[in-house]
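Asks: Protein chains in written order, with our numbering: chain A, 1 to 378; chain B, 1 to 300.
What the hints contain is simulated information worked out from the structure, not anything from laboratory work. Be aware that a few hints might be false.
As the list claims (entries may be wrong) - Computed list of lysine-lysine pairs in DSSO-like fashion (alpha-carbon distance at most 30 Å, straight line):
| no. | chain 1 | residue 1 | chain 2 | residue 2 |
| --- | --- | --- | --- | --- |
| 1 | A | K80 | A | K141 |
| 2 | B | K279 | A | K374 |
| 3 | A | K24 | B | K172 |
| 4 | A | K374 | A | K289 |
| 5 | B | K27 | A | K289 |
As the list claims (entries may be wrong) - Some but not every residue of chain A turned toward chain B, in silico, with C-beta under 8 Å:
| no. | residue |
| --- | --- |
| 6 | P30 |
| 7 | T32 |
| 8 | R210 |
| 9 | G213 |
| 10 | E216 |
| 11 | I219 |
| 12 | V267 |
To be verified - Now the stretches of chain A that chain B is said to cover, found in silico as 3 or more residues with beta-carbon under 8 Å:
| no. | stretch |
| --- | --- |
| 13 | 18-28 |
| 14 | 220-231 |
Treat the numbers as computed from the prediction; the structure is a model and nothing was measured. We put the CB at the ideal spot given by N, CA and C, even for glycine.
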Amino acid sequence: MQPVIQEGVKRGFRIIPIVEKEVKQLIRDPKTVLMVLAMPVLITIMFGYGYGGKEVGQFPITVVNLDHGEGSYKFIDDLKNSRMFKIEAIYNTRGEGFASVYRGEVYSSVVIPPTFTEDLMMGRVTRIEVIYDASNPQMAKIIMQAVGVVTQLYQEWAAERFGTFAIKPVFYTVYGPSVSKVENFMPGVMAMILQMVPTSLISVSVCRERERGTFEQFIMTPITVFDVIMGKLVAYFGATISDAALTLVTAMLLFDVRLRGSFFDMVVVSTVFLLTSLSMGLFISVFSKNQLQAYQASIFSFILATLFSGFLYPVDVLSPFAQTVAGLIPMYYFIEAFRAVSLKGWTLDMVTYELAVMMLFTVAFLAMAMKFLKLEVG
Amino acid sequence: MLAIETVELTKAFGDFVAVNGINLKVKAGENFGLLGPNGAGKTTTIRMIAGLIKPSRGSVRVFGIDVTRERREALKLIGYMPQKFSLYEDLTVEENVILYARLFGLSRAEAKERARELLKRFLLWEFRNRLAGKLSGGMKQRLALSVSLVHDPRLLMLDEPTAGVDPPLRRKFWEFFRELNKEGKTILITTHYMDEAENCNRLALMSRGRIIAEGTPREIKRRAIGGDLVEIIAEGHVRLRAEWVKSVEKRDGRFLALVDDAAVRIPQIIRELEGQGVKVISVAPMFVSLEEAFIRFLGD
Numbered sequence: 001m002q003p004v005i006q007e008g009v010k011r012g013f014r015i016i017p018i019v020e021k022e023v024k025q026l027i028r029d030p031k032t033v034l035m036v037l038a039m040p041v042l043i044t045i046m047f048g049y050g051y052g053g054k055e056v057g058q059f060p061i062t063v064v065n066l067d068h069g070e071g072s073y074k075f076i077d078d079l080k081n082s083r084m085f086k087i088e089a090i091y092n093t094r095g096e097g098f099a100s101v102y103r104g105e106v107y108s109s110v111v112i113p114p115t116f117t118e119d120l121m122m123g124r125v126t127r128i129e130v131i132y133d134a135s136n137p138q139m140a141k142i143i144m145q146a147v148g149v150v151t152q153l154y155q156e157w158a159a160e161r162f163g164t165f166a167i168k169p170v171f172y173t174v175y176g177p178s179v180s181k182v183e184n185f186m187p188g189v190m191a192m193i194l195q196m197v198p199t200s201l202i203s204v205s206v207c208r209e210r211e212r213g214t215f216e217q218f219i220m221t222p223i224t225v226f227d228v229i230m231g232k233l234v235a236y237f238g239a240t241i242s243d244a245a246l247t248l249v250t251a252m253l254l255f256d257v258r259l260r261g262s263f264f265d266m267v268v269v270s271t272v273f274l275l276t277s278l279s280m281g282l283f284i285s286v287f288s289k290n291q292l293q294a295y296q297a298s299i300f301s302f303i304l305a306t307l308f309s310g311f312l313y314p315v316d317v318l319s320p321f322a323q324t325v326a327g328l329i330p331m332y333y334f335i336e337a338f339r340a341v342s343l344k345g346w347t348l349d350m351v352t353y354e355l356a357v358m359m360l361f362t363v364a365f366l367a368m369a370m371k372f373l374k375l376e377v378g
Numbered sequence: 001m002l003a004i005e006t007v008e009l010t011k012a013f014g015d016f017v018a019v020n021g022i023n024l025k026v027k028a029g030e031n032f033g034l035l036g037p038n039g040a041g042k043t044t045t046i047r048m049i050a051g052l053i054k055p056s057r058g059s060v061r062v063f064g065i066d067v068t069r070e071r072r073e074a075l076k077l078i079g080y081m082p083q084k085f086s087l088y089e090d091l092t093v094e095e096n097v098i099l100y101a102r103l104f105g106l107s108r109a110e111a112k113e114r115a116r117e118l119l120k121r122f123l124l125w126e127f128r129n130r131l132a133g134k135l136s137g138g139m140k141q142r143l144a145l146s147v148s149l150v151h152d153p154r155l156l157m158l159d160e161p162t163a164g165v166d167p168p169l170r171r172k173f174w175e176f177f178r179e180l181n182k183e184g185k186t187i188l189i190t191t192h193y194m195d196e197a198e199n200c201n202r203l204a205l206m207s208r209g210r211i212i213a214e215g216t217p218r219e220i221k222r223r224a225i226g227g228d229l230v231e232i233i234a235e236g237h238v239r240l241r242a243e244w245v246k247s248v249e250k251r252d253g254r255f256l257a258l259v260d261d262a263a264v265r266i267p268q269i270i271r272e273l274e275g276q277g278v279k280v281i282s283v284a285p286m287f288v289s290l291e292e293a294f295i296r297f298l299g300d
């Protein structure tokens, strides 16, 4: 009859039952399951269709036609027919073409010079100018190659028709903001899912117990603040890690997103940020009086993050004040690191600074949550 | 050995003093009742003893352990059942008990065994796989009682355990409490049902954050009305003159005499009245309810 109360039971033994309890509660709440599983897929699909979708294989470009001769129309048709480009506009001045790249509307503008048809017919050496966005080196390289392919095919056709001659592509660089393509948005989408879902989910965990009254019985056991915080962190981590995987897989399968980094590296960067988001949520939960307040705080932190993390605008073009704010936002470091790893193909050792800062945030949030969580009621 | 000892225990919420300098001594093995109307400060007092609220002033010791300073040690000795159902409604009956047993350091197997014992004892075994949220009020209370006992505490504190429970079940609950008390557990129970409080060895009456009376139910009643009431039915007029008779009044054809001690004085009353030639039909101590006693205390 007498149960054995073990003296000095190790902490780990108390965390395990807490983790089990939290996981049971999470999976028994249909709303939570829906949020965890459906949100990443839905958001990725929305972004995918909204910002590129299936057209990922096509690069948006503009064309500047200064020639208006037979040869130029044929070249434009060839660009279209190559199915590698989506021609957004055809301009009559070089300035317009330049501006379209500079503003980030397209990756590149192809300029056909005034004497193009004439040069072809005379068998002279002529050129095609390609203005491209150098802020996106990977894209620039692909576009240069693609223009090269089209030019070569065109040369074969023109050679038959006009005799021997040469077309030389000339490249001009422009530094514009990144172009809105689904691949470029992946770091943002990941950041959104890895902050919004976990933070809001865990932010109500402590105050819900207070609100429902379950905290009153829970803290009548010899648990410590450490047990409560770590138990919840581990449980919610297990539940939300699927978000990172689901987002990556959805983007890859549905939108043919080609991420250059290794899958492992992307998972590591995502995991580190997920822990930061969860810690921030716990921090919010400890300071919130009720669930509504916790949700509001999570949403506020999310809006702040989207504004200053480089999610909407690259931080480099923001004011110095905004750049300072960005430095205080964990999501900024995630987007930097994830962009580097997924788009530039960097390895983990090249993003150690960002990873270290995110871990520092995690430790700080957890330490504050533990410091201010009081095992008391009322 | 004192199970509970509070010294000048005080809790203020802003300007409102919920508990005002309470000195409570509950002996080990007692079945102690804390009585009072809603808002008297009973829950705040019990929460301070449980270490759930930090006192503004004063101290609490449970079996000699200072609850504020060594709360985790004290918790091993305290079983607590809050006024409001506080278990996880999305866990089953058995899962709740096992969770709490494990939080007290029992292994998975020990916790399962302990849950079986408790659920059988409190007639919940057949509902063990039901979600706690789907239980009736009485079953929830029994589950809460089971959970408060997982670590076999020496002190059991029950905050309004029978509030909202129908009368037959309330009686059953008191049987449980008496059994637990007999097994050696000290019980501190709060209630505003005065009839239930008769079951306690000792009581403290609370009003507006203070203890206004303390003692056995009988002592409290005697103090409230200033002695024992004796009901006299007789033919003729009853006139009693002695220093131990405090008053005699006529009510509905009967006489009510207030005396210092009914057991001693009843034979004397009969002798006195017969000596006066009054025909005495009956002389008996009158039952005074705690409720009446309490109302008299509050009236002062």
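Asks: Indicate, hint by hint, whether the structure satisfies it.
Replies: Going through the hints against the structure:
1. A C-alpha spacing of about 19 Å is found between A/K80 and A/K141, which places the hinted pair at or below 30 Å, so the restraint holds.
2. Among the hinted pairs, B/K279 with A/K374 is inconsistent with the structure: their alpha-carbon atoms are about 71 Å apart, more than 30 Å.
3. Among the hinted pairs, A/K24 with B/K172 is inconsistent with the structure: their alpha-carbon atoms are about 33 Å apart, more than 30 Å.
4. In summary, the hint linking A/K374 to A/K289 is supported, as the alpha carbons are separated by about 13 Å, within the 30 Å threshold.
5. Restraint check: the Cα-Cα separation between B/K27 and A/K289 comes to about 38 Å, which exceeds 30 Å; the hinted pair is violated.
6. Because the beta carbon of A/P30 sits about 11 Å from the nearest beta carbon in chain B, more than 8 Å, this interface hint is broken.
7. For the restraint placing A/T32 at the interface with chain B, the shortest Cβ-Cβ distance is roughly 11 Å, beyond the 8 Å limit, so the hint is violated.
8. Taking 8 Å as the C-beta contact cut-off toward chain B, the hint placing A/R210 at the interface is violated, the least distance being around 11 Å.
9. The closest approach between the C-beta of A/G213 and any C-beta of chain B is roughly 5 Å, which is under the 8 Å cut-off, so the hint is satisfied.
10. Interface hint status for A/E216: upheld, as the beta-carbon distance to the closest one in chain B is roughly 5 Å, under 8 Å.
11. Interface hint status for A/I219: upheld, as the beta-carbon distance to the closest one in chain B is roughly 7 Å, under 8 Å.
12. The criterion of a C-beta within 8 Å of any C-beta in chain B is not met by A/V267, whose closest approach is roughly 31 Å, and the hint is violated.
13. Only when three residues or more bring their CB closer than 8 Å to a CB of chain B does the claim for the stretch 18-28 of chain A stand; here the count is 6, and the claim holds.
14. Remark: the stretch 220-231 of chain A is confirmed as covered by chain B, as 5 of its residues place a Cβ nearer than 8 Å to a Cβ of that chain, reaching the required three.
Checked against the numbered hints above, the structure violates hints 2, 3, 5, 6, 7, 8 and 12; every other hint is satisfied.
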